[in-house]
Amino acid sequence: MSGIKAFRCLNCGAGLEFHPPSQKWKCHYCFSEFEKQQLDAAGQEAEVVPENEATELDSYHCQNCGAELVTDATLAATHCLYCQSPTIIKTRFAGEFKPKSLIPFYLTKEQAEEIYREWIAKKRFAPDEFKTADEIKKITGVYAPFWLFDCQVAGRIDGEGTRTNSYVMGDYRVTNTKYYQVVREGDYRYERVPVDASMKLDDELMQAVEPFDYSALTDFSLQYMSGFTAEKYDKPVEDAEKIMAQRVESQTENQLRREAGTYSSFRIRDKAFTMKEKAHAYSMLPVYVLIHQYGGKEYLFMINGQTGKVCGEAPVSNTKRMTFAGVVFAAVWLLGVLGGALIV
Amino acid sequence: MQMLLTITLLWLLIGSSWAAALASSHVVDEYDVLSQGEIDGLQQQIDSLAADHGLDVVIVITDQVAGKSSRDFADDYYDYNGYGIGPEASGLLMLVNMAEREVWISTTGEAIDIFTDQRIDAITDAVVEHLADGVFFAAAQTFLNQVDVYARQGVPAGQYREPETPQQPVSFGRKLLQMALYWPIFVAALIVSAVSTIAISAGHREMPKTSASAYQPPSGFTITSVQDRFLRETTNRVKIAPSNSGGGSSGGAGRSTTHRSSSGRTHGGGGKKF
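Chains as they are written, first to last, in this note's numbering: chain A, 1 to 344; chain B, 1 to 274.
Calculated directly from the structure, the hints in this document are not laboratory data.
Glycine residues also receive a C-beta, built at the ideal position from the N, C-alpha and C atoms.
Please note: incorrect hints may appear among the correct ones.
[Claimed, not checked] Examples of chain A residues toward chain B, derived with CB under 7 angstroms:
no.	residue
1	D171
2	V193
3	Q246
4	R247
5	S264
6	A341
[Claimed, not checked] To give a feel for the contact side, a few chain B residues facing chain A, derived at Cβ under 7 angstroms:
no.	residue
7	K68
8	S69
9	R71
10	M179
11	M207
12	T210
13	A212
14	A214
15	F221
16	T222
17	I223
18	R229
[Unchecked claim] Mimicking SDA-like on lysine to any residue, the simulated pairs with C-alpha atoms at most 20 angstroms apart in a straight line are:
no.	chain 1	residue 1	chain 2	residue 2
19	A	K131	A	G296
20	B	K175	A	G336
21	A	K178	B	S196
22	A	K122	B	S196
23	B	K239	A	S166
24	A	K200	B	M207
25	A	K276	B	S196
26	A	K122	B	A199
27	A	K297	B	T224
28	B	K209	A	G336
29	B	K239	A	Y172
30	A	K122	B	M207
31	B	K209	A	A208
32	A	K276	A	E185
33	A	K131	A	E313
34	A	K271	B	E206
Turn these sequences into a full structure, and let the hints steer you where they fit.
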């Protein structure tokens, strides 16, 4: 329990929780607020907290789907985030948990719940069971693991461009086409390209929730974890790098294409990319996640915990959809029949 | 004796002028715009039309239509005065209705088939030109000339009769049933329903895309090589096909619209105001 002392209120000793809107730590009992520097200073006086020892973290392991979530002692998890199974086992987290940096949460859980409530309310065909207060409360704030890549891409495209000119002369339409060999080479720098490092979190969704404002990126500290869960990375850097390479190469190609300029048509024959000056950092980025199971399929909903950007898919109840279609059809048909009889 | 001769001659003269007047039974000028000479000339033309084409042609100029429509007046005048040649009572009557300033041509028997809606339209156009100027003799002559021209051409290819559908008041209940069975409404409702449902279903998935350009620092790129090398040139000439002259008659060109007059007989025809 020695580590937990670092997270205690300096005035009354109760547990502190990270408060996203103010980016400070709040005490629920005496309503004191503390900034990070104050806590760090106090912590260094009272205890030498070995931050490398992750003894103050709990690990929740799901027996159903194998997911592992890490939290600090302030959060008690009852269901697995991913499969909603209650068969989760809590143990002391053993092992390394040393991300380089993180972006703290700016949205509170209440705000996230409100955003979700509004979002799902607008989805007409979503089954009612996903709109209940109980469902909404299940939304969880998770620090998602990311690999942030820096790199320099040297790209080269080699293709054929045409310039066409068409005009009418007498009885003929004359089309004049000039063919060119077009080569463009460029060096592009990319910084902090995020690739999600969790096998469990859907890649497409994680991309949809981008971008994050990296100006808020700060050194990792366990203190930010209070009140939230985190997921440890399980995607190796090499795999993540491949995904990143594909993304930046595609972007480089697009930009080189744009540099090709004004041709009536342009077709690439050859392209080559070299990546240099690669660097990567393990970072935690804040997201609110809610996962539903419906009809044997998984539906994810995500909110960017810093910017509030929303993305996700809501399930569609076929009964609701068919009822709607039927009602609209009947209404329009009746309107047409009555209207027609009155006009004709 | 000389007295008797003079009286007989006078009587014969008067009688023959009456007869002459009666012989112009096919040109009825109650509006008094035609001279006797003009009437005689028209009558001669009418007689030759009867002989050449078997069509009884009548011209009536009047303002006393007793509230009837031009169509009804023309039809009735033709029927009740016993005009018409042959078993079908074939012929035409042109009515110049000075009360409404309207001209109407009524056709009967074979004339219905020879004089399609389109042809009648052409004739009335030509006639109205003169009537607008108040030149009645020329109008009448034009009419007779046109009759001759078309009568020589005969019934055009693709001609058909289209009876007018009488306007019956239909009950609301019956109209409702008609609309209910009208399939385009069914299809329209289906389309609206399908489109709206698909649109709402699609809205259930929100997956915005983020471009990797967000991770490119503003000054982070340099173009290191630009090459545009001219390879070759081709020129293609294609002859522009001359556009086909449009045309071809529309489907309604051979139509003769018919209706029943008060006598029960079928008539064709048409008219316009001048």
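Let me know if the C-beta of B:R229 comes in closer than 7 angstroms to any C-beta of chain A, holds or violated.
Because about 4 angstroms separates B:R229 from the closest Cβ in chain A, which is inside the 7 angstroms limit, the hint holds.
Restraint check for A:K122 with B:A199, where alpha carbons must lie at most 20 angstroms apart:
holds, 13 angstroms
Holds or violated: are the alpha carbons of B:K209 and A:G336 at most 20 angstroms from each other?
Violated, because 41 angstroms separates the two Cα atoms, which is more than 20 angstroms.
Holds or violated: is the Cβ of B:R71 closer than 7 angstroms to a Cβ in chain A?
violated, 26 angstroms
Given A:Q246 was flagged as interface, is its beta-carbon under 7 angstroms from a beta-carbon of chain B?
Where the cut-off is 7 angstroms and the nearest Cβ of chain B is about 10 angstroms from A:Q246, the hint is violated.
Given hint A:E313 paired with A:K131 - CA-CA distance at most 20 angstroms
Given pair A:K131, A:E313 holds - Cα atoms ~14 angstroms apart, limit 20 angstroms.
So if I understand the rule, the pair passes when the alpha-carbon distance is 20 angstroms or less; does A:K178 with B:S196 pass?
violated, 48 angstroms
Closer than 7 angstroms between Cβ atoms is the bar; does A:S264 clear it against chain B? Give me holds or violated.
Given a least distance of 13 angstroms, the restraint on A:S264 is violated.
Was the hint right that B:T210 lines chain A, CB cutoff 7 angstroms?
holds, 4 angstroms
Is it true that the CA of B:K209 sits at most 20 angstroms from the CA of A:A208?
The hint holds at about 5 angstroms.
A closest beta-carbon separation below 7 angstroms is what the hint needs, so does A:A341 meet it against chain B?
Check passed: Cβ of A:A341 comes within 4 angstroms of chain B, closer than 7 angstroms.
Against the 20 angstroms threshold, does the CA-CA distance of A:K200 and B:M207 hold or violate the hint?
holds, 18 angstroms
This entry does not satisfy hints 3, 5, 7, 8, 9, 21, 25, 27, 28 and 34, going by the numbered hints stated previously.
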